[in-house]
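Work out the full structure, taking the sequences as your base and the hints as a guide.
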Amino acid sequence: MLEIKNLHAKVEGKQILNGIDLHIRAGEVHAIMGPNGSGKSTLSYVLAGRDGYEVTEGSILFKGQNLLEMNVDERAAAGVFLAFQYPLEIPGVTTMTFLKTALNAQRKARGEEELDAVRFLKLVREKAKPLNVSDDMLKRPLNVGYSGGEKKRAEVLQMSLLEPALAILDETDSGLDIDALKTVADGVNMLRSPERAMIVITHYQRLLDYIVPDVVHVLSKGRIVKTGGKELALELEKSGYAAFDADAA
Amino acid sequence: MSEKTTQRFIDAYAVSHANLPGADGWLAPRRAAALAAFAEAGVPHRRLEDWKYTDLRRALEKVDIAAAPVHQGAVVLPERPSSSAFAGIDTHKIVFVNGRFHAGLSDTVKWPKGVERHSLADVTHEQWAKGLIERRFGQTKQAEDIVDLNTALMADGIALRIRKGVSLDKPLHLVFVNADDGASHTRNLVLLEDEASATIFESHIGNAASFADIVTDVALGQGAKLRHLKLLDDAAEAIHLATLRTTLAARAHLEHFALTIGTGLSRSQSFVAFTGEGAYAGIDGAYALRGTQHADHFCVTDHAVPNCTSHTLFKGVLDGASEGVFQGKVLVRRGAQKTDGRQMTQALLLSRDASMNAKPELEIYADDVQCAHGSTVGELSHDAIFYLRARGIPEKEARRLLVLAFLDDALDRVPHEEARTAMRDLVSHWFGEAA
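Taken in sequence, the protein lines are chains A and B.
For the first sequence, the residue numbers in numbering that gives the first Met the number 0 are 0 to 248.
For the second sequence, the residue numbers in numbering that gives the first Met the number 0 are 0 to 434.
Simulated from the structure, these hints should not be mistaken for lab results.
Please read all numbers here as calculations on a predicted model, not as lab measurements.
Yeah, the Cβ is synthetic: ideal placement off N, Cα and C, and Gly gets one too.
There could be a bad hint or two in this list.
Computed list of lysine-lysine pairs in PhoX-like fashion (alpha-carbon distance at most 20 Å, straight line) [unchecked claim]:
id, chain 1, residue 1, chain 2, residue 2
1, B, 395, A, 107
2, B, 92, B, 112
3, B, 92, B, 109
4, B, 92, B, 169
5, B, 112, B, 163
6, B, 92, A, 99
Sample of chain A residues at the chain B side, in silico, Cβ under 7 Å [unchecked claim]:
id, residue
7, 7
8, 47
9, 49
10, 69
11, 71
12, 72
13, 87
14, 100
Simulated coverage check for chain A against chain B, where a stretch passes if three residues somewhere in it have a Cβ under 8 Å from a Cβ of chain B [as the list claims (entries may be wrong)]:
id, region
15, 91–99
16, 103–112
Next up, the structure:
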């Protein structure tokens, strides 16, 4: 599904990623853990194709295609989804309009038929229900006035509706209390499937109690310094990141 | 000796005044006095505070200001959506071409009882028309000098009088088509007597290097209600100068909305004066400019009496090397207690070469009032564009969504539902035309 080789990237002239190798197969959930500044968010933005994140070396293959040659919206239409750490508030665009525009833009890009208002509404209600996203929330401007939990549930709803092949969850646990975290994790777990891969980026082990990964990677100074099973997260929780410092390794 | 452009208008007066409406009555000396005042002040230039951002004098140097020809034959309307924006709405349509009433393009209307519609020439001898023309809005002398030019040269216009308690049955749609180069000076008079109501749409379109000078004088009686919508989309070479002057008696209600999506250079002025308590004036607008278009919205609201409310919201997007100007002033006179005056202007720059000058002002001489004003100028958020694109929305569509979202709360204030939809569609189409 995703093959990252020797990935180096710069942001504003500063080298952040220093040779990442990562291979993720369909159906797998990989956690990427690391301290602040280790390059976790940079990796997620490089995968999504954000401007200003310059790849200086290495390659990324997604379903056999060269991801680096695609722009942001092409990547999304091809099946890359980034759940934002801080979803943006967009006044004046209702969540419903946004979802419909996004879904139909992706369908159009893939040469599929666009959904009319009736079919779209039916679909979005079906996807919103288990996430506890109300009609009222859908009618409000995107993320405006949403609580932290509502924003993250809205992100999971977008993911559920857009059905990406690869979902990248960037610090989805930040700003959530334990109940909100459970709701969001349940939503994510429902979307686990043999056809879908996920990258769960987190600073803390807590999220991984709820979204249990198949593989855990530790990122330090822009490189993966250790890879293991889900027990690696527990080990990190005990020993801290210092033991995995890239310079010490 | 007057400066050149001013002199050209003085010359135009010399050739035309004997044939202008009201040449045999009180209006003739009034025109002469207005011309003298105009000659004294001259065409406004940038050294005047109220004209600091719009150099009308220089703009007029480049166009023919001799009277545009009277045009009674077939007229080719510009092939733009604005030409038919309100076509789906049931209205009484009255068309002016080059500033002159055009019977062939206008609806033949059987006006309801209590609604009188005349041409300017028909009413100059009537007291109500005289009253409207003679009113002074003296607090902003400089901005008003230019009205003297219109008073001296006004050639045609609509005069609408709605009797006490009568409602106009459907919107009056005034279409101003500038089909040929040259100047036109139009004066519209609107009197709504007590408890009367009306909705008026104005469309300004054209395909010429024209100078359209339009003054609309409105008086609202007690409890009268006027909804006034203006759509401005004239040619890239056209100059548009419009002045809307409204007095509101007690409990009168004015909702004005202006959408500007075209015209080379435009100055849209609004003067509101409250003369009775409990009245409301909403002076709102939106604009979307590109190329080298220049649009100046100038609004003065005079709270001379207590307990009135005024609301102004103007939002605009500027692309290319376009220039936007907003100048607004809320004047609260001594004794105008319990005034609620709000004014906000916001602009979004879509290009590095676009510019915006905003000057919101409050001038308050009463101590028990609620007044607020604000101004912002910004650009589209890169983060927001990235967020939308990361969900698969192509960049251009993402930008269109965000621009429409930005203008949305202004467009919400269009005081007519179908026209609001039509105006939203025009803005959406405007964005679609971008390269």
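Against the structure, the hints:
Under the criterion of a C-alpha separation no larger than 20 Å, the hint pairing residue 395/B with residue 107/A is consistent with the structure, at around 15 Å. Proximity of residue 92/B to residue 112/B is assessed by CA-CA distance (about 18 Å); at most 20 Å being required, the pair is judged to hold. For the proposed pair residue 92/B and residue 109/B, the alpha carbon gap of about 12 Å is at most 20 Å, so the pair holds. Under the criterion of a C-alpha separation no larger than 20 Å, the hint pairing residue 92/B with residue 169/B is consistent with the structure, at around 10 Å.
The straight-line distance between the Cα atoms of residue 112/B and residue 163/B is roughly 11 Å, inside the 20 Å bound, and the hint therefore holds. Restraint check for residue 92/B and residue 99/A: the C-alpha separation of about 38 Å exceeds 20 Å, so the hint is violated. About 22 Å separates the beta-carbon of residue 7/A from the nearest beta-carbon of chain B, more than 7 Å, and the hint is not met. Residue-level restraint check for residue 47/A holds (minimum Cβ-Cβ distance to chain B is 5 Å; threshold 7 Å).
Of the supplied interface hints, the one on residue 49/A holds, with its beta-carbon coming within about 6 Å of a beta-carbon of chain B, less than 7 Å. For residue 69/A, the interface hint is violated, the least distance from its beta-carbon to any beta-carbon of chain B being 11 Å, above 7 Å. Interface restraint check: residue 71/A against chain B, minimum CB-CB distance 4 Å, threshold 7 Å, status holds. Contact between residue 72/A and chain B, as hinted, is supported at the beta carbon level, the nearest pair being about 5 Å apart and thus within 7 Å.
Interface hint status for residue 87/A: upheld, as the beta-carbon distance to the closest one in chain B is roughly 4 Å, under 7 Å. The interface hint given for residue 100/A is met, as the beta carbon of that residue sits about 6 Å from the closest beta carbon of chain B, less than 7 Å. Look at the region 91–99 of chain A against chain B: 4 of its residues bring a Cβ nearer than 8 Å to a Cβ of that chain, three or more, so the hint holds. With 3 residues having a beta carbon nearer than 8 Å to a beta carbon of chain B, the region 103–112 of chain A meets the requirement of three or more and the stated coverage holds.
Violated hints for the displayed structure, listed by number in ascending order: 6, 7, 10.
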